[in-house]
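Trainee: Residue numbers (numbering that gives the first Met the number 0), protein chains in the order written: chain C, 0 to 86; chain X, 0 to 86.
Honestly, the hints are just simulated from the structure, not real lab data. One thing to keep in mind: the hints can contain errors.
Which copy is meant is left open, because identical chains are indistinguishable; a pair holds if it fits in one copy or across any two.
Heads up, simulated DSSO-like pairs for lysine-lysine below, C-alpha to C-alpha not over 27 Å straight-line [unchecked claim]:
hint	residue 1	residue 2
1	K71	K40
2	K72	K11
3	K71	K15
4	K11	K68
5	K68	K15
6	K40	K11
There are 2 protein chains.
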Amino acid sequence: MFVIITYDVERKRVGKVCKKLREYLDWSQNSVFEGEITKGKLTQCLAELNNIIDNNVDSIYLYQVSNPKNLKKTVYGIAKSPMDWFL
Amino acid sequence: MFVIITYDVERKRVGKVCKKLREYLDWSQNSVFEGEITKGKLTQCLAELNNIIDNNVDSIYLYQVSNPKNLKKTVYGIAKSPMDWFL
């Protein structure tokens, strides 16, 4: 399946969340990851994220599309690269 | 159709982009809007956004799902509210 994960977490946990998501998905934009993933890997990823975030203040949104053909992505402006984060 | 729009734009344009997107979609999370929209309204929204952003440095990603039934959204942690932005 194809997933988009967006997150809005406290600053002190952004690095950890980002690092964890990089193990499973592609960095797409600030606070946005996407990519194809199996159900098992997604469950594993979410369990590990759950150990990182504070469920009372942090927010992770998971959008799942079973068939990637049903999702169309268009980029306006530039396609950000992970390196933009460090410049 | 159902759309998710994520944006990564220079700070000085965030307010304008956010304000414009609010006219068409629901604020979902920092830099993320979502909702049902007609093709015509989406075209109009994108044209107006194009007048706001700098295509050389800003980035807007549009994810379109023709049938909302093909998209499943799950929230982990808390569902952010637009008011969180001002607290």
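Trainee: Please go over all the hints and tell whether each is borne out by the structure.
Mentor: Verification of the hints:
For the homomeric pair K71 and K40, the shortest alpha-carbon distances inside one copy (23 Å) and between copies (17 Å) are both at most 27 Å. In the homo-oligomer, the alpha carbons of K72 and K11 lie at most 27 Å apart only across protomers (26 Å), although the nearest pairing inside one protomer, at 30 Å, exceeds that limit. When the C-alpha separation of K71 and K15 is checked against a cutoff of 27 Å, the pair qualifies only between copies, where the shortest distance is 25 Å, while the shortest distance within a copy is 29 Å. For the homomeric pair K11 and K68, neither the shortest alpha-carbon distance inside one copy (36 Å) nor that between copies (36 Å) is at most 27 Å.
Taking CA atoms no more than 27 Å apart as the test, K68 paired with K15 passes in neither setting, with 31 Å inside one copy and 32 Å between copies. For the identical chains of this complex, K40 and K11 are intra-copy neighbours only, at 25 Å inside a copy versus 38 Å across copies, given an alpha-carbon limit of 27 Å.
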